[in-house]
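K.L.:
Each chain, letter by letter, is given below.
2 protein chains.
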Amino acid sequence: MLKTITIIGSGNVATHLGKALLKKGFSINQVFSQNKDNSFELASALNAMPCDDPKFITDESDLYIICIKDDFIAEIAQQLVFKKKIVVHTSGSVSMDVLVHFDNYGIFYPLQTFSKKTEVTISEVPFCIEANNTDAQNQLLALAKVLSNNVYEINSEQRKKIHLAAVFACNFSNYLYSISEDILNENNMDFDILKPLILETAKKIQHNSPKDVQTGPAKRNDQEVIKNHINLLANAKDYQDIYSLITDNIIKNNNGKL
Amino acid sequence: MLKTITIIGSGNVATHLGKALLKKGFSINQVFSQNKDNSFELASALNAMPCDDPKFITDESDLYIICIKDDFIAEIAQQLVFKKKIVVHTSGSVSMDVLVHFDNYGIFYPLQTFSKKTEVTISEVPFCIEANNTDAQNQLLALAKVLSNNVYEINSEQRKKIHLAAVFACNFSNYLYSISEDILNENNMDFDILKPLILETAKKIQHNSPKDVQTGPAKRNDQEVIKNHINLLANAKDYQDIYSLITDNIIKNNNGKL
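Line by line, the protein sequences give chains V and S. In terms of numbering that gives the first Met the number 0, the first sequence opens at residue 0 and continues consecutively. In terms of numbering that gives the first Met the number 0, the second sequence opens at residue 0 and continues consecutively.
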């Protein structure tokens with residue numbers, strides 16, 4: 000059983016994960032961040048030692064969790080020299096192969112958006128687990144299950160698809176929210192007026208397939224409303240293009256297909 | 000002060016609105032639906048008389064709320080003959096002019112998605128109010144404020160823009176959810192894994208501008224991830240087109256513009 004952990008990173012994922020692990024009785028040995036202040040701040044919150052130079056990351060922990068920006072994972076992993084421990088990263092899109100020089104390695108990917116200010120109910124966060132061998136896999140699954148009720152064994156191919164799906168469902172939805180905010184602000188209305196509807200739309204699919212609850216002019220193929228909407232966007236070509244493309248898609252793919 | 004109300008319609012809006020009004024002490028005189036069973040069912044729930052023929056809609060109420068499908072509002076309004084009462088409809092996209100033959104008329108538009116099964120906290124539903132004269136406007140505002148803490152005076156031009164904004168933020172977001180479900184199902188994963196992230200994305204903008212919390216490969220202009228995602232969608236041209244267009248938009252409009 001994994002007992003002692005080193006956290007590499009001091010951002011949102013590192014903070015939420017570190018605090019959740021501490022709460023569940025794990026010991027955090029070290030917190031590494033290239034930014035000294037950040038490493039001190041999080042280390043202090045986690046009863047751990049700070050570290051701002053990868054050379055001084057010790058080999059005393061059972062598990063090393065790399066939760067830093069995607070672009071730097073491979074680089075920091077290369078600087079870790081101990082072999083027998085388990086080393087994981089928490090990214091949705093970085094290959095597990097960047098850890099191939101370790102004996103035991105894997106993925107410990109919490110599929111949630113974290114921000115420092117907002118509390119997250121970690122027990123509801125889906126964790127996607129993968130490892131290079133059965134023993135590491137079992138240990139990581141056991142650890143994830145201590146934190147969360149939503150633990151999935153997900154291979155690298157699937158993880159790529161999850162990330163792609165999340166870009167549509169979350170990054171792109173958020174962009175559509177920002178378009179709607181623009182439209183309202185341009186017409187002297189506050190974005191607040193739409194917020195309850197946005198929340199209800201996301202709640203609705205918690206217990207329904209999105210296909211079954213699709214509504215709107217495109218779903219009804221209501222050409223008059225669609226034409227009016229496209230005209231209203233005459234001065235916003237980019238938004239007009241998005242409106243037309245998604246509308247055409249909904250009309251065409253009424254039953255969904257891939 | 001408005002005291003007695005006739006509900007024209009028996010769908011989701013009619014049901015939720017009728018029940019909320021009854022709860023607040025208003026009398027519902029009649030419930031009209033062309034479908035006899037529906038008019039009986041809702042009338043019975045609202046202590047009202049059912050009616051399935053527009054000829055028999057009586058002139059005894061202070062207010063007539065037309066909450067039926069957009070396409071039929073003008074038609075039913077033409078069949079109502081009494082003049083001095085207030086007549087409103089609840090649609091986001093139908094012009095107020097379809098009621099122009101009444102002395103007092105307006106819009107009573109609850110900006111929320113209703114389904115019969117799901118409870119709605121009516122006090123949080125934004126109501127968009129408009130009327131053809133000040134007295135009717137004041138009476139409708141007062142009524143809406145009995146039901147909800149989110150009451151807005153919205154003119155017809157603004158209402159069109161709200162509806163357009165809602166299509167982006169809600170109808171189109173829901174379509175993106177369905178794309179993500181397709182991607183997951185195609186790869187033998189359950190849509191459940193994405194639901195917490197979808198909900199958190201909608202919650203995040205309750206207290207932040209979407210522009211300020213935009214994340215993802217397009218926001219970072221991470222061309223490697225973007226290229227991989229587009230390749231993953233090689234067999235789903237429609238979804239690939241949406242991915243490319245929204246990604247290009249995010250990259251281009253990083254600061255938002257209309």
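Think of the hints as simulated: they come from the structure by calculation, not from any bench. Glycine residues also receive a C-beta, built at the ideal position from the N, C-alpha and C atoms. Among these hints, one or two may not hold up.
Claimed, not checked - Short, incomplete list of chain V residues facing chain S, as computed with Cβ under 10 angstroms:
1. Gln33
2. Asn37
3. Phe171
Said to hold, decoys possible - Some chain S residues well away from chain V (every beta-carbon gap over 12 angstroms; in silico):
4. Gly24
5. Lys54
6. Gln77
7. Lys160
8. Asp240
Claimed, not checked - Residues from chain V that keep clear of chain S, each with C-beta distances beyond 10 angstroms, as calculated:
9. Pro49
10. Phe71
11. Lys83
12. Asn132
13. Glu156
14. Ser208
K.L.:
Of the hints given before, which are not true for this structure?
P.N.:
1, 2, 7, 8, 13 and 14
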